[in-house]
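Top line first, the protein sequences correspond to chains Z and B.
Residue numbers for the first sequence follow the numbering used here, beginning at 1 and rising by one.
Residue numbers for the second sequence follow the numbering used here, beginning at 1 and rising by one.
It does not matter which identical chain is used: a pair holds within one copy or between any two.
Below 27 Å or equal to it, Euclidean Cα-Cα: the simulated BS3-like pairs (lysine-lysine) are:
id, residue 1, residue 2
1, K30, K96
2, K44, K60
3, K60, K96
4, K114, K30
5, K83, K44
6, K60, K83
7, K30, K60
8, K30, K44
9, K96, K64
10, K30, K64
11, K44, K64
12, K114, K64
13, K44, K96
Calculated directly from the structure, the hints in this document are not laboratory data.
Protein chains: 2
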Amino acid sequence: MKKKATVNNTFVCQVRMQAIRDAMSVLSGKWKFHILGTLIEGDKLGFMDLLREVDGIGTKMLSKELQDLEINHLVSRTVMNTKPITVEYAITEQGKTLSTVIEELANWGIEYRKSILDTK
Amino acid sequence: MKKKATVNNTFVCQVRMQAIRDAMSVLSGKWKFHILGTLIEGDKLGFMDLLREVDGIGTKMLSKELQDLEINHLVSRTVMNTKPITVEYAITEQGKTLSTVIEELANWGIEYRKSILDTK
DNA sequence: GATATCTGTTTCCTTTTGGAAAGTAGTTTC
DNA sequence: GAAACTACTTTCCAAAAGGAAACAGATATC
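Sequences and hints are given; from them, build the entire structure.
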């Protein structure tokens, strides 16, 4: 299975491929876009808030995904010293740069659904 | 684990959630963005062309992903009656509507990589 | 006739992902 | 002091995703 790139083997394409890999490595999975989208809308949400907002997610996945997003500097985590301890999750400046991507993706999804319903 | 949505339980947010689910159901996996991106650049590529262009993919995944994309009307498949049989894969009009999303994602990936290198 | 090319499919396996449920731990209200 | 609330973690398991390699069928070239 030897391979020689022939068509898109330009520098820009290699860079774009790498960029998509980079982006997906940080955004892959079933929940990241939902969590980020929710945090972009209403900033500063507690764990239980997110559990309520992100429809269908469980504690394990929410916890794990939030850790991933925090590691990648897209979400911040702040422990508040309130009566029953609460934690505030918020989108970072870095994370906010994703809002156009998420917006575009959501818009595409809406249009896609429409076009599918038309053809049926 | 009772849940009551309190913050983003508006109609637009429900629609956006659904839109992201729709989009991801069609675009999930390791290779779809790469294949679509490649087909948007150079239209009409053979199976072997794609195998060469999409760095790292194997025959099984390429075959499977192309089938998925064809089912969802994002890619067209045309069998040519050439000497050794060849097949032309191309992006559909429907598929072309993804170009802005892919563009945004790639741009974000590029900027993200830059910012990570800066902070290190 | 052997080898090569094009387009896949099939098999077998490992890794990754995701989910349900129970457990942990601290605080606070009744 | 029992129950409730917040914020998780852990365990155990099932399903999905992904990959390497072999196989297959058709034509065409050496």
